[in-house]
Amino acid sequence: MTTAPDLAPEATAWSAALHAEVQQFYAHQMQLLDLAEAQSWADTFTEDATFAVPTLPEPVRGRAGLAAATTRSHAELAAAGQRHRHFLGMLDVRPRPDGAVDVRSYAIVYVSDIGGASRVHRVCVCEDVLVRDADGGLKVSARTVTRDDLA
Amino acid sequence: MTTAPDLAPEATAWSAALHAEVQQFYAHQMQLLDLAEAQSWADTFTEDATFAVPTLPEPVRGRAGLAAATTRSHAELAAAGQRHRHFLGMLDVRPRPDGAVDVRSYAIVYVSDIGGASRVHRVCVCEDVLVRDADGGLKVSARTVTRDDLA
Amino acid sequence: MTTAPDLAPEATAWSAALHAEVQQFYAHQMQLLDLAEAQSWADTFTEDATFAVPTLPEPVRGRAGLAAATTRSHAELAAAGQRHRHFLGMLDVRPRPDGAVDVRSYAIVYVSDIGGASRVHRVCVCEDVLVRDADGGLKVSARTVTRDDLA
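Protein chains in written order, with this note's numbering: chain E, 1 to 151; chain C, 1 to 151; chain D, 1 to 151.
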């Protein structure tokens, strides 16, 4: 028999296995974003996910809008001769009784001028609600990002 | 039967479950600090914990002193119009035979001027001794922080 | 019976246990590097490992070359009155069918002037192939590092 950690979606207690799974989820998700794999990145959200940032009056809603927003951001970065890296960590993982998972984390965005220097761009707090999809994998159903440099 | 990873406090070998638990512990602890939840943060230390930093001649000792120090720091930050984020990672987790856990990690402190820019404030090495409390949870019994910018 | 996560080298599926093990591996490896433990650091690579960086025309090959390169780097840092910290995270861990493990991660290098300030030095992407040694531990057999500031 297998002794692999129990990843059954009905689990509602924190577990080491869930924590590692959430870390792997974010590593893959942020790498897709930085690779400009806009559609694959959008697919890590639920169909009707919301993404709220302080610089927009309303949350972006749904995968098409998410993919379009990231494609636009990458075009602007390329035009400016810059690269971004999204480095997320300090994951406070709190399963809900209904099987969803609240994750509050820190996300540092680094910017590099190609041919120049690298530096901190943004320091953010990311509050996500993760849910299980039909295949048992994790998706973001709601994300709220705040920035330390904004009041 | 459950196949959850063994988190029994008597374990003295490194385990994936312990590593994830330690990560969760730090994520929660640092978020409490940055949220200025001074008392809850102090409660992640043992009653008689020591906290040594290079800028003080003697370690801070005990929860009351820890809570007071962090409350003071947050008041100074607020007065300066700044926010700090403590981002800890690179956890080298080494259980001791007695059940305590040595953890050597890196801690980056970011500072943001509210209405301005974000940048690296401090690069630190954090050496902790973690112990189990009566409920089986982790507490810091001794912390020593060094800063890369100091001789 | 034990319920510890299965770390058997023949496993080819992603597991929470593998993810945590890889994180511990990198934490220890990067700390050895920053401590200038050049030989111990080189021993975290296979005998014939390759290490490719954008600033060299050919990869460094083998432990002796790796140890020599890091000893040289540390001497240069000491002469300049600086310290580096290698902070690696966002580990996208993908086991191969043959038991090797592909890991794509982000590595931020911080620099501190001793008596001065700390800042971001480099933002890198690190692509490793990890393999099991005779004792069942992980070693890097091939590393490719790219830098965001280079074209």
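No lab work stands behind these hints: they were computed from the structure. Errors might be hidden in some of the hints.
With the C-beta cut set under 10 Å, the calculated list includes, among others, these residues of chain C facing chain D [as the list claims (entries may be wrong)]: (1) Ser15; (2) Leu18; (3) Pro57; (4) Arg61; (5) Gly62; (6) Gly65; (7) Leu91; (8) His121; (9) Val125.
In silico contact screen, one side only, chain E against chain D (beta carbon under 7 Å); selected entries [unchecked claim]: (10) Arg85; (11) Phe87; (12) Ile114.
Cβ coordinates follow ideal geometry from the N, Cα and C atoms, glycine included.
Hints, one by one, checked against the model:
1. With 10 Å as the threshold, the beta carbon of Ser15/C comes within range of chain D, its nearest partner Cβ sitting at about 6 Å, so the hint holds.
2. The interface hint given for Leu18/C holds, since its Cβ lies 8 Å from the closest Cβ of chain D, which is under the 10 Å cut-off.
3. About 19 Å separates the beta-carbon of Pro57/C from the nearest beta-carbon of chain D, more than 10 Å, and the hint is not met.
4. Hint on Arg61/C is violated. Least Cβ distance to chain D is approximately 27 Å, over the 10 Å limit.
5. Interface hint status for Gly62/C: violated, as the beta-carbon distance to the closest one in chain D is roughly 30 Å, over 10 Å.
6. With a cut of 10 Å, the hint placing Gly65/C at the interface with chain D is violated, because the nearest CB-to-CB distance is about 27 Å.
7. The beta carbon of Leu91/C is positioned within 10 Å of a beta carbon in chain D (closest approach about 5 Å), and the interface hint is therefore held.
8. Hint on His121/C holds. Least Cβ distance to chain D is approximately 7 Å, under the 10 Å limit.
9. Annotation: interface hint on Val125/C holds; nearest CB of chain D at approximately 8 Å, less than 10 Å.
10. The interface hint given for Arg85/E is met, as the beta carbon of that residue sits about 5 Å from the closest beta carbon of chain D, less than 7 Å.
11. With a least beta-carbon distance of about 6 Å to chain D, the hint placing Phe87/E at the interface is held under the 7 Å criterion.
12. Given hint, Ile114/E at the interface with chain D, holds; its Cβ is 6 Å from that chain's nearest Cβ, closer than 7 Å.
Hints 3, 4, 5, 6 from the earlier list are contradicted by this structure; the remaining hints agree with it.
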